[in-house]
Amino acid sequence: MRVGRRGRAAVAPWNLAMDEGAPGSTEPLFDLMRRVARRDRAAFHSLYLRTAPQLFAIALRILRQKELAEDVLQECFVSVWERAPDYDQVRGSPMSWLTTIVRHRAIDHLRRIGARPEGAQAGEESLALLVAGEASGAERGAALADLSRCLGELDERARRAVVYAYAYGYTHEELAARLAAPLGTIKSWIRRSLERLKLCLDG
Amino acid sequence: MNYRDPRLRAILAGEYVLGTLPARARARFERLLRFDADLARLAGEWAERFAAIDEAEAIAPPARVWRAIEARTRPARAPGIRFALPIPRLALLAAATILLALALNLAGVGLLPPPSPHVVAVLADRDGQPAWLVTEDRSRTRLAVEAVRAQPIDSAHAFELWAIADAKPVPMGLIAASLHARESFPASVLPKNGALLAVSLEPPGGSPTGLPTGPVLYKGAVLSD
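Top line first, the protein sequences correspond to chains E and P. No gaps in the numbering here: position 86 of the first sequence is 86 in the working numbering, and each next residue is one more. For the working numbering, add 203 to where a residue sits in the second sequence, where the first one is 1.
Some residues of chain E that are not near chain P, with every Cβ distance over 12 Å (derived):
id, residue
1, Glu118
2, Glu153
3, Glu156
4, Arg157
What the simulated footprint calls covered on chain P by chain E, stretch by stretch (three residues with Cβ under 8 Å from a Cβ of chain E suffice, anywhere in the stretch; the number is not a length):
id, stretch
5, 251–261
6, 266–272
7, 326–339
8, 412–425
A short list of chain P residues far from chain E (calculated; beta carbon distances all over 10 Å):
id, residue
9, Arg207
10, Asp208
11, Arg231
12, Thr344
13, Leu377
14, Ala379
15, Arg385
For the record, the hints were derived by calculation from the structure and aren't laboratory data. Cβ atoms here follow ideal geometry from the backbone N, Cα and C, with glycine treated the same way.
All chains, full assembly: derive it from the sequences and hints.
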């Protein structure tokens with residue numbers, strides 16, 4: 001099952017490092033979420049310690065500024081405290097549910113300010129191989145290798161559109177500007193790419 | 204957007220996760236997610252598919268972020284009825300006793316129907332723990348909603364009751380969070396057997412849109428007679 005695979009993958013190297021000094025924090029994120037839904041504040045803190053570093057990196061990649069990313073992370077966890085009972089395994093692993101919340105908050109922030117803040121474009125190198133469409137990532141796990149292989153089957157600009165949208169939260173309009181393509185083309189690239197990705201990854 | 208076409212549903216869920224849906228389309232999609240488990244599954248699958256991109260990086264946020272989160276989520280006292288002037292508890296208790304005695308007395312001489320409520324629904328949280336009891340009086344004209352477990356809620360939120368029949372939520376009204384507080388509604392708002400009653404977390408005045416805007420925290424089916 002997908003969820004199970006992701007559940008194991010959530011124990012990333014940084015995560016193991018954190019666990020060394022914090023016995024008991026290996027509790028599955030599913031269980032922590034269930035306790036957070038019951039207003040368990042200790043579980044809420046554990047959930048934060050376990051997931052905030054990865055979520056902060058995601059917010060930072062989209063927002064490029066530390067202060068903005070801190071604000072978004074804060075908003076995200078306040079809303080997680082309220083929305084935890086809404087979480088359901090059907091929505092994916094806790095980590096990817098949290099990721100969706102953070103990404104949407106960060107994207108909303110960009111839309112509100114109507115501009116992309118100046119700042120270092122983080123994570124460009126780690127995305128370069130994905131963007132280039134070269135099968136890679138085997139050293140980082142089977143899931144990335146699969147995604148990378150399937151992205152590689154897309155046309156170059158369509159692949160860029162998908163990767164940039166996910167990694168940087170680009171809107172259709174920003175993608176149109178960055179990839180020098182009409183808005184309608186961008187929209188159909190994304191839809192077609194999603195369809196092809198689904199087929200490739202499920203196959 | 205056609206929400207029935209399976210192909211389009213999968214694409215829409217993908218765009219939702221990708222973050223390219225315009226604000227209004229995303230809000231509409233999120234409302235559907237609450238009631239459409241299949242759509243939620245599709246979105247979950249997309250989140251899993253893209254998750255691999257995020258796994259490599261982790262940057263520890265500064266400690267002030269957690270401090271701010273902690274301060275903002277600390278539970279406030281559950282809002283109950285607040286009196287402008289402090290009224291001694293004993294006086295309140297005495298008043299309640301007198302009222303109760305009067306009610307029982309009136310019931311005894313047939314002026315009021317005797318209290319024999321009929322359970323209409325038990326609303327439970329995600330773990331199946333009952334939290335609210337919905338009863339109907341014997342004359343079937345009034346519904347009462349009673350908290351059977353204390354619900355922590357801050358003053359920036361309210362609980363709103365919804366009747367959901369044919370996947371359409373209809374607002375029934377706000378309900379008090381304090382233990383054994385009762386709210387009463389005309390029984391005519393009750394949907395037919397098999398429908399759902401649900402409680403969502405909303406802004407203080409209730410949902411501004413007429414549809415749940417916050418999470419659905421409790422639900423239960425309307426029981427048949």
